[in-house]
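Novice: Listed below are the residues making up each chain.
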Amino acid sequence: MKPMLDCDAVMRQLWDYLDGELTEERVQAIREHVEICGRCHPQLEFERTFLGVLARVRREHSDPGRLRERVLSALREEGFAAGV
Amino acid sequence: MPHELVTRREKDLQFEREALRWIPDVTRFALSLARNEADADDLVQETYLRAYRSWDQYQVGTECRGWLFTICRNVFLRTRRRESRQVTCDDPELEALAAAGVHAAAAQGGQADVFERIDLSDALERALDDLPEPFREAVVLVDVQDQSYDTAARVLGVPIGTVRSRLYRGRRVLQEALLEFARDAGFATGDADTGETGGRS
Numbered sequence: 063m064k065p066m067l068d069c070d071a072v073m074r075q076l077w078d079y080l081d082g083e084l085t086e087e088r089v090q091a092i093r094e095h096v097e098i099c100g101r102c103h104p105q106l107e108f109e110r111t112f113l114g115v116l117a118r119v120r121r122e123h124s125d126p127g128r129l130r131e132r133v134l135s136a137l138r139e140e141g142f143a144a145g146v
Numbered sequence: 011m012p013h014e015l016v017t018r019r020e021k022d023l024q025f026e027r028e029a030l031r032w033i034p035d036v037t038r039f040a041l042s043l044a045r046n047e048a049d050a051d052d053l054v055q056e057t058y059l060r061a062y063r064s065w066d067q068y069q070v071g072t073e074c075r076g077w078l079f080t081i082c083r084n085v086f087l088r089t090r091r092r093e094s095r096q097v098t099c100d101d102p103e104l105e106a107l108a109a110a111g112v113h114a115a116a117a118q119g120g121q122a123d124v125f126e127r128i129d130l131s132d133a134l135e136r137a138l139d140d141l142p143e144p145f146r147e148a149v150v151l152v153d154v155q156d157q158s159y160d161t162a163a164r165v166l167g168v169p170i171g172t173v174r175s176r177l178y179r180g181r182r183v184l185q186e187a188l189l190e191f192a193r194d195a196g197f198a199t200g201d202a203d204t205g206e207t208g209g210r211s
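Line by line, the protein sequences give chains A and B.
So for the first sequence, our numbering puts the first residue at 63; every next one is plus one.
So for the second sequence, our numbering puts the first residue at 11; every next one is plus one.
Heads up, a few of these hints could be off.
Said to hold, decoys possible - A few chain B residues that face chain A, going by a derived Cβ cut-off under 7 angstroms, partial list only:
(1) Leu23
(2) Leu41
(3) Tyr62
(4) Asp66
(5) Ala106
(6) Asp153
I should point out that these hints are in silico values taken from the structure, not numbers from a laboratory.
For glycine and all other residues, C-beta sits at the position ideal for the given N, C-alpha and C.
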């Protein structure tokens with residue numbers, strides 16, 4: 063049986079864990095630690111909520127249709143014949 | 011129809027299918043780089059013109075969105091006549107540990123649940139605008155555009171370790187800015203948590 067990770071090891075890889083950048087084995091090890099750790103669990107939730115807020119910051123164009131038409135128009139001048 | 015025209019037509023349909031579908035994503039990325047709509051429009055148009063001219067070099071089926079982001083960033087850097095500023099590449103693991111410090115400070119200040127309790131979207135947009143470019147690019151690609159570290163590294167032309175350290179530093183700076191905003195706005199639960207109970211290490 064493998065020894066459980068300590069908090070320091072988990073903290074070092076928390077972002078990788080949340081970003082889905084770890085192997086399944088490592089994910090499992092971190093999950094097992096976080097589920098029972100009173101120090102790492104609140105931090106995980108803090109970071110997860112922050113990433114959720116950040117992911118919603120999607121700056122949108124005020125007139126995407128006009129921009130698409132502008133791009134198509136420029137492409138047609140290059141000979142592009144689809145996109146209609 | 012002459013063979014050359016058929017080939018051209020196929021190429022255009024392929025470009026439409028593979029590249030034009032990403033206009034909304036490229037637009038968002040351009041807006042994050044240029045920070046104003048007029049410049050972003052120019053950037054998107056130039057990105058697609060260059061992509062079309064270079065389409066023969068694109069390998070169909072590979073990550074077209076990442077390829078378009080790379081072109082977009084290169085056009086941006088060229089039009090601004092500047093290179094991406096070199097920043098010190100700190101150890102990403104140390105940056106990850108520093109995040110624990112931000113959380114501890116938030117918990118001690120009664121702000122552990124600040125991201126859940128108040129709408130910080132405007133403050134976050136401003137903080138993102140203020141973030142130095144190398145950090146902003148990493149944050150936008152990974153956190154806003156949902157790209158992997160590997161794709162972000164290819165778009166930015168840097169090693170994955172550099173993406174990680176820029177990303178983690180960027181996130182930390184954003185968190186600190188948001189916590190400061192929340193403090194200034196008078197937000198604190200008054201129920202401070204030391205965040206130290208039950209730690210394993």
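Novice: Confirm or reject each hint.
Specialist: Hint by hint, here is what the structure shows:
no.: 1; hint: Leu23; in the structure: holds (5 angstroms)
no.: 2; hint: Leu41; in the structure: holds (5 angstroms)
no.: 3; hint: Tyr62; in the structure: holds (6 angstroms)
no.: 4; hint: Asp66; in the structure: violated (13 angstroms)
no.: 5; hint: Ala106; in the structure: holds (5 angstroms)
no.: 6; hint: Asp153; in the structure: holds (5 angstroms)
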